[in-house]
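Chains A and B supply the protein sequences, listed in that same order.
Here the numbering used here is used: the first sequence runs in plain steps of one and ends on residue 173.
Here the numbering used here is used: the second sequence runs in plain steps of one and ends on residue 428.
Read the hints as simulated data drawn from the structure, not as lab findings.
One or more hints might be untrue.
Said to hold, decoys possible - Here are the computed distance ranges between Cβ atoms for each label pair:
| hint | chain 1 | residue 1 | chain 2 | residue 2 | range |
| --- | --- | --- | --- | --- | --- |
| 1 | A | 121 | B | 82 | 57 to 63 Å |
| 2 | A | 139 | B | 290 | 55 to 61 Å |
| 3 | B | 427 | A | 116 | 51 to 57 Å |
| 4 | B | 237 | A | 116 | 53 to 59 Å |
| 5 | A | 108 | B | 258 | 32 to 38 Å |
Stated by the list, open to error - To give a feel for the contact side, a few chain B residues facing chain A, derived at Cβ under 10 Å:
| hint | residue |
| --- | --- |
| 6 | 45 |
| 7 | 46 |
| 8 | 129 |
| 9 | 143 |
| 10 | 159 |
| 11 | 205 |
| 12 | 228 |
| 13 | 280 |
| 14 | 282 |
| 15 | 293 |
| 16 | 325 |
| 17 | 349 |
| 18 | 395 |
| 19 | 398 |
Where is the CB? At the ideal position from N, CA and C, for every residue including glycine.
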Amino acid sequence: MKDVIEGRVWTLGDDVDTDQIIGGKYLTIIDPNELKKHVFEIALPEFAKGALAGDIVVAGINFGSGSSREHAPQALRAIGVGAVVADSFARIFFRNAINLGLPTIEAPGVRKLFETGDTARIEMRAGKVANARTGAAVTFPPLPHHLLELLEVGGLVEKVRKELEARAGKATA
Amino acid sequence: MSGNGGHGATLAEKVLSRASGLDTVVPGQIVEGRVDLAMMHEQGAQTVGPFHDMGATEVWDPERVVIAIDHWVPASTEGAAVLHRILRKFAAEQHLPHFYDVGNHGICHQILAEHGWVVPGDLAVGTDSHTNMLGAMGAVAAGIGPTEMAAVLALGRLWLKVPPTIRVNVHGELGPGVTAKDLVLRLLGEVKTTGATYKSVEYGGPTIDALSMPQRFTICNMTTEMGAKCGMVAPDQTTYDYLAKIAKHPMHPLQPDKDARYERTIDIDVNGMDPMIACPYSPDNVRPLTEVVREHVKVDQAFLGSCTNARIEDMREGAALMRGHKVHAGVRFIVSPASTSIYNQCLQEGIIEVFTEAGAVFTNSSCSACFGGNMGILAPDEVCISSSNRNFPGRMGPKEARIYLVSPAAVVASAINGEISDPREFSS
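Bound-form chain A, shown alone (with noise of 0.2 Å):
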């Protein structure tokens, strides 16, 4: 994870729910890169086709809200988003999108500031998100640092990876 992310917007309203995210009917595809070609269907239907890698989506309330589905950060990974703000998330959502290593941000107020088109610095440490067209700029309070830990190592796999190889370390010495 990179402290500083930069990136163009794509903006969503509120309470865009998994759902909108990822439909009913595509939750039977295990492939990412065929899950990306649906993402934002409902929501956002041009983002699919015009979205490019380091993209940021700053959506309003709620983002996330609804199913477990997984397949809604996957889909938003694999087309290489940089990081998803929003005014506030839904709690899985949030969960998974950590969990996969896409840096998923909280920061209060941070809807209103942004167009779609606009360019985002996001400081992750420092706890900041300004536009950089208008220079309009909200502080969110960061990560807390055992998340910021799991955004470091790329996620709750590499983790646990981790955890798994020093616990047979140590068994075997």
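Place chain B on chain A using the hints.
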């Protein structure tokens, strides 16, 4: 009672103290919780990859893992068949004995409930957001994603932030035709879909005390729609009686302290309360049913099913209303029991016949029409009246389709009349 800065602990704090082996915990604290029960449905297929990528070789405790497929049962697409196949293979490799496969299947949460997989004091996690339903056992039961489940299967624990608790005290008596579903809808109208985000909702008071376990399941189930981490009811004699013959592991009954600190307390008096309805496109867009009845909203599909309201009590209540009536011409009425054992009970009690003779479709147990990925999909300009839990845009297929959430009785009344109706109309 305890040392939480001079005040007692809420039920969620008690359970998370136990799970983390700490004397006390406080909201905001991050703890490592030992998992008592891990449940997977089809989404568990996505757990297998990360589990191997982590370098894990063995599930921490096969006796604590339940797999219950429910979204596409039997498989309706090749994709679903592949998910089922992955799970069966994983279960065989890892010697996971508790796999509820086709023929012995049911909605995962109902399987956990009716087989006593979650008991008071447990920390339970599942790869479905409505895992909250099991909080009715006096447990912390929360939904997680498949990568996180892979870590749970490998380690038997996960990190949790101790949630602040909203206490809901319910007083009064639910009138005829007014159900636990109406109560939770009313509460959703007040708390809204973000009002309990990251929080625990602890239900109590004389009305909750008087509810059966199935009714408590309905309430805890829809706590998910408030954004909550968990919805809970402290265990009492009703809980112990329900679990008496079925509990799969020892109980650790915990009660909230009298001097527990709540972030917010909500008091609800249900005396004189009307049935409620959640209108499109959010479960918190709640109005009294009588208001919507006056608007004569025509329905194309009626759905009695889902983990929220498809237990035998819901089926009996629906059948009692259905008996002697026909499904309105032009309405497709889908009835899907929450588990195969409920299906069998419906068969024995003649409930299936009541519905099918009236013109309904009685399906095998599954999530059915609830999630828009298997059956009972709507056309864009259609309306569905449903006993399920969500009515977001696109929930049953196209984003324009309109879903109204009500009690099972109101679903049946609407199926009979062909428009959104009040079940009390049929009570005489």
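Hint check:
For residue 121 of chain A and residue 82 of chain B, the hinted distance range of 57 to 63 Å is not satisfied, since their beta carbons lie about 42 Å from each other. The supplied range of 55 to 61 Å is broken by residue 139 of chain A and residue 290 of chain B, whose beta-carbon atoms lie about 48 Å from each other. A hinted range of 51 to 57 Å holds for the C-beta pair residue 427 of chain B and residue 116 of chain A, which are about 53 Å apart. Distance hint check: the CB atoms of residue 237 of chain B and residue 116 of chain A are about 57 Å apart, consistent with the given range 53 to 59 Å.
A beta carbon spacing of about 34 Å between residue 108 of chain A and residue 258 of chain B agrees with the range 32 to 38 Å that was offered as a hint. Of the supplied interface hints, the one on residue 45 of chain B holds, with its beta-carbon coming within about 7 Å of a beta-carbon of chain A, less than 10 Å. With its C-beta approaching chain A no nearer than about 6 Å, residue 46 of chain B sits inside the 10 Å limit, and its interface hint holds. The interface hint given for residue 129 of chain B is met, as the beta carbon of that residue sits about 4 Å from the closest beta carbon of chain A, less than 10 Å.
Because the closest C-beta pair between residue 143 of chain B and chain A is about 4 Å apart, less than 10 Å, the hint holds. Given the 10 Å rule on beta carbons, the hint for residue 159 of chain B holds: about 7 Å separates it from the nearest Cβ of chain A. A least Cβ separation of about 26 Å between residue 205 of chain B and chain A goes past the 10 Å threshold, and the interface hint is therefore violated. About 8 Å separates the beta-carbon of residue 228 of chain B from the nearest beta-carbon of chain A, less than 10 Å, and the hint is met.
Because the closest C-beta pair between residue 280 of chain B and chain A is about 13 Å apart, greater than 10 Å, the hint is violated. At a threshold of 10 Å, the smallest CB-CB gap from residue 282 of chain B to chain A is about 7 Å, leaving the interface hint in force. Here the hint on residue 293 of chain B is broken, as its CB sits about 27 Å from the closest CB of chain A, past 10 Å. The criterion of a C-beta within 10 Å of any C-beta in chain A is not met by residue 325 of chain B, whose closest approach is roughly 31 Å, and the hint is violated.
Because the closest C-beta pair between residue 349 of chain B and chain A is about 32 Å apart, greater than 10 Å, the hint is violated. For residue 395 of chain B, the shortest C-beta to C-beta distance to chain A is roughly 5 Å, which falls under 10 Å, so the interface hint holds. Taken as an interface hint, residue 398 of chain B checks out: its beta carbon lies about 9 Å from the nearest beta carbon of chain A, inside 10 Å.
Violation of the numbered hints given earlier is confined to hints 1, 2, 11, 13, 15, 16 and 17; the remaining hints are satisfied by the structure.
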